[in-house]
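Number of protein chains: 2
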Amino acid sequence: MDMLPKCDANYVPLSPITFLQRAASVYANRTSVIYGNACYTWKQTYDRCRRLASALRSLNISKNDVVSILAPNIPAMYEMHFAVPMAGAVLNTINTRLDARSVATILRHSEAKAFFVDHQFIPLARDALKELVSDSCDSHDAAEEAVSIPLVVAIDDQDVPTGARLGELEYEQLISLGDPRRHAPVQVEDEWDPIALNYTSGTTSAPKGVVYSHRGAFLSTMSLLLQWEVGAGPVYLWTLPMFHCNGWTFTWGVAARGGTNVCIRATKPAEMYRAISNHRVSHMCCAPTVFSMILEAAPDERRPLPNTVHVLTGGAPPPPAVVERIERLGFHVTHAYGLTEATGPALVCEWQDQWDALDSGARARLKARQGVSVVTLADADVVDPETLARVARDGRALGEIVLRGSSIMKGYYKDAEATAKAFRGGWFFTGDVGVVHEDGYIEIKDRSKDVIISGGENISSVEVEAVLYGHPKVVEAAVVAMPHKHWGETPCAFLAVKGEVKEEEIIRHCRKNMAKFMVPKKVVFMEEGLPKTSTGKVQKFQLRAIAKSIACKEEEEEKRMQREQVIAMSRL
Amino acid sequence: MDMLPKCDANYVPLSPITFLQRAASVYANRTSVIYGNACYTWKQTYDRCRRLASALRSLNISKNDVVSILAPNIPAMYEMHFAVPMAGAVLNTINTRLDARSVATILRHSEAKAFFVDHQFIPLARDALKELVSDSCDSHDAAEEAVSIPLVVAIDDQDVPTGARLGELEYEQLISLGDPRRHAPVQVEDEWDPIALNYTSGTTSAPKGVVYSHRGAFLSTMSLLLQWEVGAGPVYLWTLPMFHCNGWTFTWGVAARGGTNVCIRATKPAEMYRAISNHRVSHMCCAPTVFSMILEAAPDERRPLPNTVHVLTGGAPPPPAVVERIERLGFHVTHAYGLTEATGPALVCEWQDQWDALDSGARARLKARQGVSVVTLADADVVDPETLARVARDGRALGEIVLRGSSIMKGYYKDAEATAKAFRGGWFFTGDVGVVHEDGYIEIKDRSKDVIISGGENISSVEVEAVLYGHPKVVEAAVVAMPHKHWGETPCAFLAVKGEVKEEEIIRHCRKNMAKFMVPKKVVFMEEGLPKTSTGKVQKFQLRAIAKSIACKEEEEEKRMQREQVIAMSRL
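Residue numbers (my numbering), protein chains in the order written: chain A, 14 to 585; chain B, 14 to 585.
Identical copies carry no separate label here, and so any pair may be met within one copy or between two of them.
Below 25 Å or equal to it, Euclidean Cα-Cα: the simulated BS3-like pairs (lysine-lysine) are: (1) K434 with K19; (2) K19 with K76; (3) K427 with K19; (4) K486 with K511; (5) K566 with K515; (6) K545 with K511; (7) K566 with K498; (8) K529 with K486; (9) K529 with K561.
Bear in mind the hints are in silico, worked out from the structure with no lab data behind them.
Next comes chain A alone, as it looks inside the complex (with noise of 0.2 Å):
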């Protein structure tokens, strides 16, 4: 058996661009992607990728190069994900809500070759540049490493063309000029090549490069599209960005499903009922917090939907009452968990047909625990972090999240240390805090840093959450925890909120819903809102620095009351 080599016809390298090629072939003229007026077929979209892929090696971008893109969610976004690894090359999907130090940051760290920015984020890259070529003039150190700036090219609109430029090249040009005959799209001769390089947002520490194989793309892509039951020809609205590991490889997989891709500028809840309903959408992915704008909509800006949209939300859990809302809109929320470094989610909530029965409420409390691995992942458990042991399957027993499988990252960009940090013992750790409940499904309880420790006890800030949410007047709530000298921490609670609530009744709700010793001691109205990363993640270093500020006043107002009451005895 031994015997039997591999040949080209029994052993080709697992690729997202097969998904590609095959729908090229086998849905040839259906609808591809849509963008305003703007509209392809799987023929043009492979079209336009082999020639973009060919004008990128006639500019000399070859195997693992980084190639970067700071773009919305447009037609020439999706095609770079199959024409840059096709042209051999690595893409590196930045986010648009960066600062222009953190995308000059990313820019040098990837040694990026080239730099694609669509037309409404020239300021941004040319301040970024800018950052790029001064930090190369302070390089004057012959040790430190030569700052190289990428070759740059504008992608304007592909709808209403605006003739923003930002340096010679074009997007449209560029694909124009592509020969394939003359530059060939390079063969992936190894599964294990690169494909992708994500930064993670880096809410607590430096940004972070994730390396995907092609192998764990391809394999990622087809776990979600089971997952999650896509079928045939799905019609996928782009809410979530396709910079968040390149759109929970969706990207690929509306490819490998033969659907359509609807693109839209900006995730705006008038923008995005206008195309569930123009185009019958069918399924999308977004964070909790845009359920929370489709529900906010004002009256004008809602269309009745066509058909159940299916939804997959993940990032954070959705808070029970949400879920309960929106489905009654005539979405279908499935909740999926995941991380960068696992190529997207790794945890689906699989929904089993005797939860049906269950009330709306116990529902949706089931839906919001991430669930189950999914099945192209070896294996993904509960341990504790020190031992490796896994935790019982009690729903109560905390421990870290850890994963294994061929979808996991390859590792960090040029950093050993981090990337030797996150493998451990077989596992990848996600730094998550979960449990494992008795019917096998994972919960997270916490990112590790987030767990509130009161008394001994552990505390949940994302349970605290949950029931806030419960309360009709709560828009946005986050727990995080606040010094305390008796109890060590106790949860302080911000909050977002429509119409008029007081902090007792907020409080009256916790002691109705939680454990006495979980109910926050402090609730801080925001009227601005929660302060957010640049990916829409609630900056809890923030709410901590306001939280011990408030703990050492009233620690100080609690002296100083002290010292009155023994300065008004010794006058006594």
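Mind docking chain B on chain A? Use the hints.
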């Protein structure tokens, strides 16, 4: 990027074994296998497989050893799909419809180390082992390979034990003796390692041993679940023998989806209807001949379907008229095309929504096409077998269907010549003749040797058969070439019919429904039904022999008449 090495956390060899490990964790208490009154959960199935793997290892079965099994669709057959590879060994499922001589040939060629036999097939196995022993005694020539006799294990009925034995060992006894703590299951180290060895039925030549890798089996399983859109928790009825390409990979696939395997010993109408009704079956696979059984079931055998039953059919194109009738009963038919060498289905007739609007005849005709490549295949096409040029996508140009991708077999066991012949120019050659329609869907026009060439025109016997099936009284139809002095060949139809029908009526029906040159020149009614191979394929070589003798007789008759005419003329 090349400095990021594979590690245990991010590179796990692809293997279907991981589906069972995951099912045991994720679907622990859900029903895995039902057989009569016997019923198991995924946790139990995993435990039993671990024990059996351990028992096999304690019997010195080790890496690359072949373990054969002769059994119908019973729980043991299902369990061995995991337990054998978990012992590092290679599973060889033997077609139970073969004769003793053929079984012996397979045991000998595969050098099986162990041979598991269901109680029902003990007489057949005993005869096969006798053949093997006598082969062994006959091989006096020292140069000839010594024939080894495998260890024999009887499988008693898991629902109603019979006490039947063959040799010393029994299946349940092995499971109870297996101790995973002493002999831990083997970890797959290389996904290219063999997992299964399936002998082709060999209607025309000596059986060939097709070897699957863990990688190929894993990817093919994923493909089929996606293509057929099998959601979470299917209830799968085992009508397709598991010995057919490992049940077209659904042995592994049902574990991947946490479904329930409904095992039945025999594919009989009453048993099928009962299982579908009792267990709310959602999915099943079968050859089109099973449709006839379902359609012709006696009234007291029938039960109303509790829900839509999704049926994947293949092995032969389902006649459109049969598809129409079976769908009226509540079955939803998907048509796939594959072969042992492609780890089961390679093309699936992916349904397109716009076809819903067509009349049922047009829908059935579209459904009878073989379709588009499954998503893990890198490519599928129809080419000129000499030049390898792709044929025009016009639905008319004939060529050989070729496939390429990681779900294609490793090769033929101990047959380098056949392997080299099957793999050429980066393609696997299926031996089947087909066309590509404008929409990219491939349609088989014939098995290479079944093309009838009449007066220079190619006639597809499948097309003629499809028309014959459209006649209300035709139960089975097969068309082969009959030698003809003028046209070279003409089509000859063999029919099994119900009620009274004359040759003239059939020919009139054909004239109405096909080009004149395609109309059979001769219709033969087979009262006993058509001759079939052990796998249910019509034995066309037998029909060709009959057709040839008819042609000879007719020619002699014609000559005799000519002679008589000459004599009569001379007498005038």
